[in-house]
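Once you have looked at the hints, place chain B on chain A.
Single-letter residue listing:
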Amino acid sequence: MALDSSLAVLVAPFVDMVSSPIFFAEVVVGGLMTGVMYAMVALGFVLIFKASGVFNFAQGVMVLFAALTLVGLMEHGLSVWLALVITTVVMIVLAFAIERVVLRPLVNQPPFTLLMATIGLTFFLEGLGELVWGSNVKKLNLGIPEAPVNVGGMLLNQFDLLAAVTAATLVAVLAFLSQKTSIGRALRAVADDHQAATAVGIPLQTIWVTVWSVAGIVALVGGIMWGAKSGVQFSLSLIALKALPVLILGGLTSIPGAIVGGLIIGVGEKIAEVYWGPLVGGAIENWFAYMLAMVFLLFRPQGLFGEEIIERV
Amino acid sequence: MLQAQHIALAFGAVQALSDVSVDIHTGEILAIIGPNGAGKTSLLNVINGVYYPQRGHIVFQGVERSKRLRPYQVARQGIARTFQNVALFKGMSTLDNLMTGRVLHMHTGLLSQALYWGRARRDEEQHRAYVETIIDFLEIEAIRKTPVGRLPYGLQKRVELGRALAAEPVLLLLDEPMAGMNVEEKADMCRYIFDIRDEFGITCVLIEHDMGVVMDISDRLVVLDYGRKIADGPPDVVRTDQAVINAYLGVAYADA
Chain A
1 MALDSSLAVL VAPFVDMVSS PIFFAEVVVG GLMTGVMYAM VALGFVLIFK
51 ASGVFNFAQG VMVLFAALTL VGLMEHGLSV WLALVITTVV MIVLAFAIER
101 VVLRPLVNQP PFTLLMATIG LTFFLEGLGE LVWGSNVKKL NLGIPEAPVN
151 VGGMLLNQFD LLAAVTAATL VAVLAFLSQK TSIGRALRAV ADDHQAATAV
201 GIPLQTIWVT VWSVAGIVAL VGGIMWGAKS GVQFSLSLIA LKALPVLILG
251 GLTSIPGAIV GGLIIGVGEK IAEVYWGPLV GGAIENWFAY MLAMVFLLFR
301 PQGLFGEEII ERV
Chain B
1 MLQAQHIALA FGAVQALSDV SVDIHTGEIL AIIGPNGAGK TSLLNVINGV
51 YYPQRGHIVF QGVERSKRLR PYQVARQGIA RTFQNVALFK GMSTLDNLMT
101 GRVLHMHTGL LSQALYWGRA RRDEEQHRAY VETIIDFLEI EAIRKTPVGR
151 LPYGLQKRVE LGRALAAEPV LLLLDEPMAG MNVEEKADMC RYIFDIRDEF
201 GITCVLIEHD MGVVMDISDR LVVLDYGRKI ADGPPDVVRT DQAVINAYLG
251 VAYADA
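So the sequences go chain by chain: A and B.
Counted from 1, the first sequence has number 208 at position 208 by our numbering; the numbering is strictly sequential.
Counted from 1, the second sequence has number 24 at position 24 by our numbering; the numbering is strictly sequential.
Next comes chain A alone, as it looks inside the complex (with noise of 0.2 Å):
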């Protein structure tokens, strides 16, 4: 009976794998698909994090708000293009607002003050989105053909693959951004120390802004992915605890460690509902995420790219 258990958990699953390739693999690209998406989220965290050590509570409810009035827009009959560039210029005139309202009274205060401000703009958000496109589900359709295409014998949605395209491209630019060129630099010194920042002549209002309009841009893109998949709703704002164990996995400071980490999740959990779903009577990819990050945090808490936190006593 044990011998019998233990050969359902740890072997058979594996034979199954090795049986039938392509299926596999099919997993594996949904997994990548799934973790691309939660990546996207993960990233807005990152990049405000990196800027500002602050951990931005909003996030979540920031890539609802840009799928909410990206979809709003296109309900008044605005056309898909002319809707992506006013909700790009509404998430960067929110980043200003952010800046002016929020962040700049609350200079120099303990990262937890602002943790707190961030609360307090999820819902002013949330009751913002509400309050001018209403509460109902909505589809996002922005026309891209849904019909999967045949690649080595794998069937793959082209939605998913353009979302991955896209989601490579925006983390290779903002990769070069923050490494490469003194503009990381700049960013990272705003996060470690305000003051400091501002005596060796970094603009801190300007790196702000520029951070969370880019974090909100991030949301958008974030948003039209899981919008287009799961339809417009309240409940999007609740991925950005999908979103923890992916940062706990990466790194609050890295943005490759955002992606891996969303890459890592996303198949594992799609692997482990697969092949050992059947064994708990499924629902492995509810919880599996967090089991994860717990490991994590007993073994690696700063995360797999995440810098060492030094700590004086």
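Derived from the structure by calculation, the hints contain no laboratory data.
Keep in mind that this is a model prediction, so the values were computed, not measured.
It is possible that some hints are incorrect.
Lysine to any residue pairs mimicking SDA-like chemistry, simulated, CA-CA at most 25 Å apart [claimed, not checked]: (1) B:Lys67 <-> A:Gln109; (2) B:Lys90 <-> A:Phe112; (3) B:Lys145 <-> A:Phe305; (4) B:Lys145 <-> A:Gly53; (5) A:Lys229 <-> A:Gln158; (6) B:Lys90 <-> B:Asp136; (7) B:Lys90 <-> A:Leu177; (8) B:Lys90 <-> A:Phe296; (9) B:Lys145 <-> A:Phe176; (10) B:Lys90 <-> A:Gly184; (11) B:Lys90 <-> A:Val209; (12) B:Lys145 <-> A:Ala175; (13) B:Lys67 <-> A:Gln195; (14) B:Lys67 <-> A:Val102; (15) B:Lys67 <-> A:Val107; (16) B:Lys67 <-> A:Arg100; (17) B:Lys90 <-> A:Gln109; (18) B:Lys90 <-> A:Leu114; (19) A:Lys229 <-> A:Ala83; (20) B:Lys145 <-> A:Gly184; (21) B:Lys90 <-> A:Phe305; (22) B:Lys67 <-> A:Thr206; (23) B:Lys186 <-> B:Asn36; (24) A:Lys139 <-> A:Gly127; (25) B:Lys90 <-> A:Ala175; (26) B:Lys90 <-> A:Pro256; (27) B:Lys90 <-> A:Arg104; (28) A:Lys229 <-> A:Val260; (29) B:Lys145 <-> A:Gln179; (30) B:Lys90 <-> A:Thr113; (31) B:Lys90 <-> A:Gln179.
Quick look at chain B alone, frame taken from chain A:
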């Protein structure tokens, strides 16, 4: 070089500075001393643009400064500083910390850097070269790549000084540059401050509690007590000033 005229600064009911006027001359080493809470750091913060005084104004290089100048704008005018509690970017290496000091000399601008890769890279190399001269000067070659969070306190202070120097300031404000250092480190720091003035031609203003050091290195002393200036003059004169002895020095230094 810089005149702070009739500065008054209050936080609520606490009068941090009242009617303080300080004249900083080009090429001098000026020490600001006084008991804890006398307003020394507040004065530095006013000069540096962190606080806006309620009354009084600041004339820098002959031009009266606009009242609401932000710290980064002050930095751009050529005033650099270090902090009482080391304010370095702890996750970054020594080199990167010094490179942030170059930010205000990077003319390519933050955004165009990404676009003009060739020019931005040339720029970066020039700045790197300047930073290397600072590294040589402060003798911190060995810790170039070390994250500063790992360095002992004395070295962190030296890196912070390096970051301020990297900005090529005309005026350097040092808030307790020798706090928490041992005798040897203090001696090194004194040597650096002299060289900064003599070789780099940078005017230095420092706050320091070690009276031995202060009397040795400064050309002039300004003494604050309860937000007021109680003395201003060369060390030998201030040392024997009765008000200063009562407020701060005690009898020992007067006799010395």
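Hint check:
| no. | hint | verdict |
| --- | --- | --- |
| 1 | B:Lys67 <-> A:Gln109 | holds, 24 Å |
| 2 | B:Lys90 <-> A:Phe112 | holds, 19 Å |
| 3 | B:Lys145 <-> A:Phe305 | holds, 18 Å |
| 4 | B:Lys145 <-> A:Gly53 | holds, 23 Å |
| 5 | A:Lys229 <-> A:Gln158 | holds, 12 Å |
| 6 | B:Lys90 <-> B:Asp136 | holds, 21 Å |
| 7 | B:Lys90 <-> A:Leu177 | holds, 21 Å |
| 8 | B:Lys90 <-> A:Phe296 | holds, 24 Å |
| 9 | B:Lys145 <-> A:Phe176 | holds, 21 Å |
| 10 | B:Lys90 <-> A:Gly184 | holds, 15 Å |
| 11 | B:Lys90 <-> A:Val209 | holds, 23 Å |
| 12 | B:Lys145 <-> A:Ala175 | holds, 21 Å |
| 13 | B:Lys67 <-> A:Gln195 | holds, 19 Å |
| 14 | B:Lys67 <-> A:Val102 | holds, 24 Å |
| 15 | B:Lys67 <-> A:Val107 | holds, 19 Å |
| 16 | B:Lys67 <-> A:Arg100 | holds, 20 Å |
| 17 | B:Lys90 <-> A:Gln109 | holds, 18 Å |
| 18 | B:Lys90 <-> A:Leu114 | holds, 20 Å |
| 19 | A:Lys229 <-> A:Ala83 | holds, 19 Å |
| 20 | B:Lys145 <-> A:Gly184 | holds, 17 Å |
| 21 | B:Lys90 <-> A:Phe305 | holds, 17 Å |
| 22 | B:Lys67 <-> A:Thr206 | holds, 21 Å |
| 23 | B:Lys186 <-> B:Asn36 | holds, 20 Å |
| 24 | A:Lys139 <-> A:Gly127 | holds, 20 Å |
| 25 | B:Lys90 <-> A:Ala175 | holds, 21 Å |
| 26 | B:Lys90 <-> A:Pro256 | holds, 21 Å |
| 27 | B:Lys90 <-> A:Arg104 | holds, 23 Å |
| 28 | A:Lys229 <-> A:Val260 | holds, 21 Å |
| 29 | B:Lys145 <-> A:Gln179 | holds, 16 Å |
| 30 | B:Lys90 <-> A:Thr113 | holds, 21 Å |
| 31 | B:Lys90 <-> A:Gln179 | holds, 17 Å |
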